[in-house]
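Peer 1: Per numbering that gives the first Met the number 0, residue 0 is the first one in the sequence shown, and the count goes up by one each step.
Hints are supplied without guarantee of correctness; some may be wrong.
List of simulated lysine-lysine pairs, DSBU-like, C-alpha gap at most 30 angstroms [as the list claims (entries may be wrong)]:
no.	residue 1	residue 2
1	95	41
2	41	153
3	182	95
4	42	219
5	219	41
These are computed hints drawn from the structure, not numbers from a lab.
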Amino acid sequence: MFLHELNAYRKSTVIWTISLAVIVILFLVMFPAFSSNAEELKKLLESLPLALRNAIGLSLDNIGSLLGFYSTLTFLYITLCGAIQAMNLGTSIVSKEVREKTADFLLTKPVSRVQIMTAKLLAALASLAITNAIYIVVASITASIVTSQAFSMKIFLLISATLYFIQLMFLALGVVVSVVAPKIKSVLPVSLGTVFAFFFISMFGSAIGDDNLRYITPFKFYDPAYIIQNASYETSFIILEVGLITLAIAASYIIYVKKDIDSV
């Protein structure tokens, strides 16, 4: 089942991996031109309202450095795309069986629902891991090529790794939606609606300077500015994420095991 599910995700994994790689390359190749005119661009960006700069995570303090450029102008879009990929995977884990009318056939096989859910989850995790591994390699190589500035590769990797952590949250959320919703006709509208809702919450929280909203949206669990300054993650948000993922996955198993599956 694991290999079958992983193969089913193959096309999606390839598309998302290539998309993320292309996005990071396109942004990073602009860095040399950006850094050579950093002061002029800073003055231009300073004219933007502070609330707007905060909303999009635009920090002018270190925007002229590679890490600052990567974390403020590049990684925002990477995490948004990555979250959609993870939410798509999570939402389709159970719903696709119902939508494609293969659920009752699958459940007649000599395997338990726990085994089915586990195989599907492991395949989704593997798909995201493959995407992230390739993305990090591409991003690291590109960053090393486009600049002669000295920068901390450790911090660069710490920032890049948060993509996977954010994806895990949306994967878990997608799984819950998949087992709770009676029938999802199309995964994409649900995924886009959920991801953009959390994205706008993060932007709103940043715009008004409300740190309490950081605990609501996964997009704010890992602050790039904090990572650059401390070369580490905030422990409280790591604990929060582990707790939320554990709760979401446990609830998904319980609901799926007890759920009535409609026959064809």
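Peer 1: Now tell me, hint by hint, if it's right for this structure.
Peer 2: To see whether the hints hold, each was checked on the structure:
1. For the given pair, residue 95 sits about 48 angstroms from residue 41 by alpha-carbon distance, which is inconsistent with the 30 angstroms threshold.
2. A C-alpha spacing of about 26 angstroms is found between residue 41 and residue 153, which places the hinted pair at or below 30 angstroms, so the restraint holds.
3. About 9 angstroms separates the Cα atoms of residue 182 and residue 95, which keeps this hinted pair within 30 angstroms; it holds.
4. Restraint check: the Cα-Cα separation between residue 42 and residue 219 comes to about 27 angstroms, which is no more than 30 angstroms; the hinted pair holds.
5. Under the criterion of a C-alpha separation no larger than 30 angstroms, the hint pairing residue 219 with residue 41 is consistent with the structure, at around 24 angstroms.
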